[in-house]
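Start from the sequences, fold in the hints, and give me the full structure.
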Amino acid sequence: MTSVIGFGGVCIVVAVFGIFAFILSEVFPLFGKARLHETARVGFPGTSGGIIGLDEWSQLPFHYDGQRTLRFQPVNPAVNRAQQVTLTLPDAATVTSHRFDAEHDRLILGLSDGQVAVFQLKYTSSSAAKGTPVVTGTSFRERLLPLTPGLPVETADYKDAGDRKLVAAIQGKGGDAKLLVTALRQTRSLMGAGQVKMGERIDLTAKLEGQHPERLLIPGSADSLIVGTDRGEVFYLFSKGIGWEVRQHFKPFEGEGRQLGGIDLLLGDVSLVAWNAEGAVRIFSLFVPEGQTTRVFGQTKAFPPLAGGVLHYLPSQRNKSFALANDQVLRVCHATTEGVRASVKLAFRPVDLASDEKNEHLALLDPAGFLHLFEVDDPHPEAGFRAFFSRIWYEGSSKPKYEWQSTSGTDDFEPKLSLTPLIIGSLKGTLYALFFAVPIALLAAIFVAQFMHPEVKKVVKPIMEIMASLPSVVLGFLAALWLAPLIESRVPSVLAISLLIPLLSALLGFAWSRLPIRYRNLLPKGSEYLVLLPVVILTGWVGWQLGPVLERALFVTTTPEGGRIADFRLWWPQVTGTPYDQRNCLVVGFMMGFAVIPIIFTISEDSLSNVPPSIISASEALGASRWQVVRTVVLPVASAGIFSALMIGFGRAVGETMIVVMATGNTAIMDANGHLLLGEPGLGHGRFPLADHWNIFNGMRTLSANIAVELPEAAVHSTHYRTLFLGAMVLFLMTFSLNTAAELLRQRLREKFRVG
Amino acid sequence: MKRTASQRKHTPGEIQVWLCAAGLACGLLMIAGLLLLIFGNGVVVFWPKPISEFTVRSADGSESKISGELVKTQLRRTAEGGTKAEIQLFTGNKDAYGLGFRFIDKEAILSESRPEGLMLAERMEYGDALFHPVQLKRKDGATLPASAPEFQGTLQQRLDEGNRLRSRLLHLEKGRIGKINARIKAMELRIKELLAGGKSGTGPEVSALRDRIAREQKGFDTLVAESRQMRARLEEDELTVRLSTGEERTLKTGSIVYCYEPNRLSLIGKLGVFLHHVIEFATSEPREANTEGGIFPAIFGTFVMTILLALLVTPFGVIAAIYLREYASQGLLVRIVRICVNNLAGVPSIVFGVFGLGFFVYGMGAFIDGGTRIPLPPMWWFPVAIAFLVCLTGSILLAVQSPPAGAESENRRGFGTRLKPIVATLTVFLGVLTLFQCPYFHGFFSSSLPTPTFGTGGILWASLTLALMTLPVVIVATEEALAAVPRGVREAALACGASKWQTIQRVVLPSALPGVMTGVILAMARGAGEVAPLMITGVVKLAPSLPLDFEAPFIHAERKFMHLGFHIYDLGFQSPDSEAAKPMVFATTLLLILLVVVLNLAAISLRAHLRRKYQASAF
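One line per chain: the protein sequences are S and R, in this order.
Here the first sequence stands for residues 873 to 1628, numbered as in the working numbering.
Here the second sequence stands for residues 180 to 798, numbered as in the working numbering.
Any given hint might turn out to be false.
[Said to hold, decoys possible] FRET-style restraints, in silico, Cβ to Cβ:
1) S:1396 <-> R:293: 49 to 55 angstroms
2) R:790 <-> S:1391: 37 to 43 angstroms
3) S:1490 <-> R:685: 43 to 49 angstroms
4) S:1413 <-> R:244: 36 to 42 angstroms
Since the hints were derived computationally from the structure, they do not count as laboratory data.
In this text the structure is predicted, and so the values were computed from the model without any measurement.
For glycine and all other residues, C-beta sits at the position ideal for the given N, C-alpha and C.
This is the structure in structure tokens:
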């Protein structure tokens, strides 16, 4: 039996620690790097150049030879078969440029006779019950678009954004290069999509300030154009009505000789990736700079240079990752976190690079005509220490931010996973709760432990302890539906009450101590609180009524029309520039105080009561008054215990969930786009990135509330899910270490007085 | 010259003492205020309130009447900057007015009266109705005017009949039709399983099953027809009513649950209505997105979960405490373990919820449903399994060999004792690996996948999570109780020749029992009030069935359940009409607080009893 108990005991203790181990094991993969390994090799015999592409399942890669032949070769010949498609082009023309738009499976060919041919690739799959799907690939010509006749097309791009379609091309070489663009309009009627009409050809060469176009990109919205020139400048042209304007031109790499190696877009088409001959990679994102009204590119990221230069660039079709390759290395980076995810040494000089739609495979073509298929194992590219704890310059924002926004409706959304605002939210709620709870709890504990009659104490203490058992959902409900509307318009009253109560009590104490002893003897020592009960109620009522008076006197705002309104809710935003919410920190702090007061009270009362009576008696014998005893003897001796009480109270408040979920509204901190407001100009006018978050009159989101709200919706083992686990681990570590420190302190104290 | 104490006219530090007293007074007032607030608002919900009829002048000068129950009076800020008094009125008749509440400026009210004939009807849909009855129309066209003396009796009789019919309908739809549904579903699953198996010779069984499904379907159809008939009967009788606005409407008597005339009630009558409301609240199912009716499923769910929690936490907590206090050598390691266990009590509940979701629901639940996701290849699994068996045998051998109780002399605490925890840990680790990575187990509910059975939140997982969360409470309380058992008692038992386990079992544990119970009750109180971990491990706003019923296997550990605390959250924050839900929230809150406070008081009194007992035995 002994052993059974022992075994069971050990098991339970191990299991309890398993919690931490389990959460850690869930979090751990977040910090892992990506893994790349070669899984298959497919031969395209007799080819040396050209481009390649992959289907969604990485079963049937294709190779385009640069002229008219498109070949599909199966990875697994037992399941799929090889196919060949000949592209139909005008007889006289040869292909002078080609581009594969993997996101839309489009092959865009520039022809020698000045036309642009757009081919659509189509894969169909009939998936067998298990195993690899059967895939067939075809291609058909979507459009043939004539530009300047007779001039060979050096670079062409085409984007289809539904109603708007845009084709652009660079025709001619070197000094004769011309930039041409044409919009296509499709009429829509009740009968469905109608005829596509080609608009006027516009020659934009003159807009380039005498520079010659070399590179060309059309973002997915098909309303703008990004052009790289021979002098290493990038022009951002925007269509305005029927004309075009240069919205911006900039040099991605300043200085002489720092030539532009190439430019391309990231998934979502709001970030431009530029690299130079030395292999340095920079990312420029579209955002509205402060004080301006239009979106322009600005540098947001820089990556360590890839030794040997960048030969190929490939954006992921699933997230903000991209792959870089040269004749030595294949490197996978993630744009958001500015991190290198993986690097693989290459034994050949790659001819082309391709990836599948799910970003599960990368393919490289070697000069001998072999396609090397790499499996990419990178489940959490957007995670990492940087993503969770540092400021990141997200796409579309005008400066680096700490931000949490885990989900959104679109596919090309950039998850913002900074835990910093959540940690600060937790600390903020805790701070305000302690601000309110600590004075009440400590003062009450001192009174109960030192001044109160022991018989009364036996009743009062359990009453305070019952408060500890009030379910937090009840407190949260009261905070949100009762307290928040109640004090919304009465903030001045709250201020008045919180000032009046201590003031009046102190005054009463002062007056009492000046009374002759025979009056004082009427009230037995230790029952002062009974006198104060009605006084506090009365003061509360007076303060409540005084609030509006104070408001009229102090918190007056002027409206634009010149009227004067006495309303704190308007006054606060006008003076501090930060919002005032109905469900704010004041409410949370007050209600969380209810949860924290009994804990601090109980523990500190215990430690105050445990001060050896001998030293109290000794100091009383020396003629100290009861407060002098407390101040000089009891408090110093019990200080460690009180401190540990504060820490445990802190731990409880940090992890409090339901009160925060309910009383902060949880949505109040989001702006219209669902972003957490943080680092916006407000308190300190944006100079201190985190200052705004400490505003007492707005809401917040805490780690715990965030978990409770988002975890049910997070997909199992996704980055979002694991990040929420990381949040839980942060909470666990915070409270566990605080409590351990408090416990050690208390034990120390106990030992000390046992000896004494 | 320095003044000495005797020369002082007043004691120094009195101000501080009074400040301390103010702190205590604030604390006490806060608790009292909170409890009073909840109690007041909670009880008032059930008490019938008078209904007033107001004559109101609208902006265009016309007069109209509206009746309702006064909710509150408040000040409204006007556009000009001044304030105006307005009242909030619960008008009911959501179907007629569109809203259940209305704000009226106080100065617009011309007169107020309390007509005795005004009736309040609680309905199945659209909340309460407030009206003057006009006549009762039977299905045969016979009418009975409200002025007739037998009107009240007849109406009451029709309502009773309707309520009876509804309960029969409920029994029919949930009970009999539900059972047929379950049978059909089980058979369809079996067919799917057979077909997926792809084995030959299953044809006859499949067709037999299909026949049986067809037969069941026939029975199903007759029952559905019967229920449709009953529903039609509920629609038969009509009550014509006149609203205060003057509009005439007809209500089906079958849709009215309860009806009374609030302004005519005597005190006894009010008490009757009050009791009716309380009983309905505690025993009936919720209606209208939980804002009306009762909360029986939530009470029951909380009860079952708390009991399950107590059943799970008690043995584990007690065993761990006995081990830590009685068996483990009290060295540094045990001290560390003890501190850690204590501090687990301070870890936020949501962290346990996260663990519960990850480990129990997505780990163990998914495993029970469909086996392991990534099994060990057999060539790895077999060695692991063998290693596990070896370790298991080893730990059993070590256990058998261990010294008899009480004879822990220094020389026996050698190699074996040191080895024990290591071997035990290894055994557990390998056991988990063997079990959870088994390539030959494909789950008990794989046929119903991808619909999860255990792989989604449920009452078992919720209880387990909360059990884990409250484990430290029980361990700490039990340890304290064990430590409080006087040494003399143990020594006496040992001196009588009892082994260590016999001493613990017969002497120590019984006298520590009140302490253990205190711990368990405190754990139950904490578990009953906790919501955050439940939100992610299996609580729902409306559960179709109870976790414990008369259908085999009686305890449905995989079912989702309703919970009082979550009910509060859901009603207050997810409800479409949170203003209408407020009374229900207060009533539910009152119930939850009562539950938690009663549990706590029980624990506190037990503790006090325990203290007295040991204080006495010390002499």
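* Hints not upheld, ascending by number -> Violated: none.
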